[in-house]
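Chains as they are written, first to last, in our numbering: chain S, 1 to 567; chain F, 568 to 1134.
It is worth saying that the hints were derived from the structure and are not from the lab.
We put the beta carbon where it would ideally sit given N, CA and C, even for glycine.
Any given hint could be a false lead.
Said to hold, decoys possible - Okay, derived cross-link-like pairs now, DMTMM-like style, lysine to aspartate or glutamate, Cα gap no bigger than 25 Å in a straight line: (1) K658/F with E101/S; (2) K5/S with D996/F; (3) K5/S with D629/F; (4) K1067/F with E59/S; (5) K1100/F with E1035/F; (6) K572/F with D1075/F; (7) K496/S with D1075/F; (8) K126/S with E1059/F; (9) K630/F with D499/S; (10) K658/F with E580/F.
As the list claims (entries may be wrong) - Covered by chain F, according to a simulated footprint, are these stretches of chain S (three or more residues, beta-carbon under 8 Å): (11) 4–15; (12) 434–441.
2 protein chains.
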Amino acid sequence: MRLSKAFVPTTKEAPKDAVLPSHIYLVRGGFINQVASGIYNFLPFGKRVLDKIRSIIKEELDKAGCQEVQLGFVTPCELWEESGRFAKYGKELLRFKDRKENCFVLGPTHEEMMVALVRGRVTSYKQLPLNLYQINLKFRDEARPRFGLLRGREFIMKDGYSFHESIEDMQREYALMEETYKKIFTRLGLTFRAVEADVGAIGGSASKEFMVIANSGEDTIAVCSACEYAANVEAAKRKKPVPPVEAPEFSNFEPFYTPGLTSIEELSDFFKVHPYYFVKAVAKKAIYDESEEIVIFFLRGSDELQEIKAANAIGANELVDVSEEELQEAGIVPGFIAPYEQQCRIVLDEDLKGAKGLICGGNRKDYHLIGADLSHFDEALFADIVQVKEGDLCPECGAVMKLTKGIEVGHIFQLGTRYSAAMNATFLDRDGKAKPFVMGTYGIGVSRLVAAAIEQNHDERGCIWPKEIAPYEVCIIVSNIKDSEQSELGEELYQKLLDKGVEVVLDDRADRFGAKIKDFELIGYPYALIVGKALKEGKVQLVDRKTLQKLDVPKEEAIEELMRYLH
Amino acid sequence: MRLSKAFVPTTKEAPKDAVLPSHIYLVRGGFINQVASGIYNFLPFGKRVLDKIRSIIKEELDKAGCQEVQLGFVTPCELWEESGRFAKYGKELLRFKDRKENCFVLGPTHEEMMVALVRGRVTSYKQLPLNLYQINLKFRDEARPRFGLLRGREFIMKDGYSFHESIEDMQREYALMEETYKKIFTRLGLTFRAVEADVGAIGGSASKEFMVIANSGEDTIAVCSACEYAANVEAAKRKKPVPPVEAPEFSNFEPFYTPGLTSIEELSDFFKVHPYYFVKAVAKKAIYDESEEIVIFFLRGSDELQEIKAANAIGANELVDVSEEELQEAGIVPGFIAPYEQQCRIVLDEDLKGAKGLICGGNRKDYHLIGADLSHFDEALFADIVQVKEGDLCPECGAVMKLTKGIEVGHIFQLGTRYSAAMNATFLDRDGKAKPFVMGTYGIGVSRLVAAAIEQNHDERGCIWPKEIAPYEVCIIVSNIKDSEQSELGEELYQKLLDKGVEVVLDDRADRFGAKIKDFELIGYPYALIVGKALKEGKVQLVDRKTLQKLDVPKEEAIEELMRYLH
């Protein structure tokens, strides 16, 4: 491709609302442009990146035995009513009526559509297993679309759904998909981790997320420094911590006057006792499908509540804040809440199981209890609700864990029979009995990957594409196209690289050299060949976009040298 | 692909509303299934056909210098208001509001989006020409979706748009696109014609449609039996016909009592005069953007009115029927309308220019005028409004024309400045003046092609795919998979063909042989290799789906023989 003919409208201005590098550089580099909030056009270079990602995904899925389909994007509301999601799904589900007043939804995900497709067409265990996927448009009417392609409304997703006769077979496919996803993200040239994920609201028994490691990631991941263990903090576990100091000794179990002291920090100072030996209370309102209640969560003073884990522990859809007034109305004393004698539901963190010699709230204003003993509390009251923190120990091997940031680009899920049972999608098993399909579901954020790649690979000048998904591998920059010697060598190198099957662009525009270099750095081709002043000495320069190092190469050796870098 | 693992749910039942072969066989063959009226899923085999079509289109367009983009499918209403189409476009334009009450449209075509993309990003003639295309979803809320993929609501289209500094350059690109389209449809293995098309309502100066020839086509095409000329009857011209018989002689111009006789047939019988010498009147109501009027069209009695040509002749959006009462109110005498003394607008067919010695209506009930003379009528009243019929003469070479049926699968269009001017999309020309882009637009119905291919290539047993776009080229049918000799040879042939890069499926299902043959014929792979009873004599059968001829081949020569057919 000659840049003089290419539609790659680079610009100096970043979008006003852009804060993340991928948003800024993808727009400035002429890869995408915003049409409306959360809706983007892919320009020729953006489309090329997208297609490369798409074809790597397709190749690996096809190799793994998956079959590609393309489902309707506009989906009838009846299917959403069958599954029960029409009412539950919030405003993200964009609903509208056609000219005949029939109700439709712009597909935000396709579980219903896929179950409806397979229902009645796969009728026997002999036709199982089956893994169908598509790489297609999705629409979610996000409340706050932002970060460019990272949180858009219209986006491209690979969504796959597998159908099985048993949980075991579904788990076999789930493991195969985990392997396949690892191959895919490796081939994309990205640094990533497969992490344990929250299974929460969707239900199902296990789930892993694939995270592209990047400082700007919205997700926090706990990663073991020794073994393979990694998990989203929303789901991360830890080994039971070792007490940081020796336990204090309390001779009695009695109230102690602590006027105005409510924070763990103040109390620790006041009692000269490590926060580990305090019982921290966090009151929340739990929201269920059709009801709500106040729940108090208790943890060690040195720990924080993980709200997703806490909500899952009680089967709530979400936890929201509760006001002091509401607590008082419920007979709870804010700031001085004891795990004893509560009328409302309480949950204690597992790490408090059997703990004694603690300090906790006194259920009375300005009083705490010393010498609290939780060893007689019912087992059923305990659950893992703690937020794993830097330095906590790996639940698998006991080594120290670190926290890092990631962008979720894939999610695999042991779904079970949730949709097939609700939608009455059954097959005849080996005994001739009708059973709902056991399902798995597997997603990849395809357009999101375009942005994630840049979040992970950029500098202050622009994009640094992994060569596997770069719009082109090499840019030949002719410094001054009016210089016939430069211009002819540029053409010659361009033709030679094309002949070798290299994806190359020739910057043959009548622009200043400085502008061309800026575009090279902004667009982020992995390599450039500069045909410029050094040609007087018979040399061209090979530039590595990542390091920005320049290498003078005799013009006759330029191609050979470049090919060494490319392969 | 092994059919035992493939999701190809063939069925005996056709959809209730299906009348066309492509609709019936694509559903029965497990290529597509309907989700809702006019909305279809593509199943694995349908998706493969779609992808093959897509990649042939992409290859040829890229070779011709076009650049692929992917525009937002959900488009903001403001753009449609800018172009003026928001009000004009009828109910086909599906409009809805998002959660913030912003108005959007599901893109039925993307002129506005493409102009908005290029506007402000291409600012100089130096950046022209530019040809951008996408292969993407479209939605048109058709009043009567029908015929399966031929007239759906959600469909896949390739839409391209070119931008130029001059009409001449746009015409050069238009010619290039015509050549490119011919290459595309040739590579798809289809019999087609490029025909002159109506430019009507969209405006612009020239337009060609690409028609896949098929008996079930909705369009009628006039095709010259000698030269290249071909045109949609909505736009077809003809050479001035030779009078079929000698002209009658009328000594006077006078009224003649013709009680109750209004049809040309009755009048021709009554007067013993050839219909050619009658003046036929067709009264219509012409609908314009903001007004309407009665218009009377006059033609020879041997001709029919072509309504699209007639509407274009007067710049109307469409012509609708007008009642006898309305005519009477306007002082017109239905059945006896003369081209003389009308208060309303009249248009005469060009073939009546200078004609004398005619019979026409008398503007009085039960009277006709004989010896009518049109030679003094103003030139401006004449226009080409006639429907070309079988046997008419080619306007280019004078040879006889035939009528045939076609399915429109492509359309190229010299668009001009209609959208760029309305949307203020300008560039600086060589003199530094701001000018609106001169545009061309080029469409291909991608999902429609899947159906058109079958309309053209089928028999009473099912699909007969052109090998260029067949889901697979060959099906190896193992007659009885429990016969280990058959089953082993099937596997061996399958592996050998895979190794040769042949797209092959192995029918290794535990079904009856008859069912497998029926599926082969229904799905329509170009060839089958049957490994069955003949294996006892060391032979397999090679079946050509098109002719259904079977050839016994020694098993050792099967691959070689098949390769001869494939290439």
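Requested in this report: Check each numbered hint from earlier against the structure, then list the numbers of those it violates in ascending order.
Outcome: 5, 7, 10, 12
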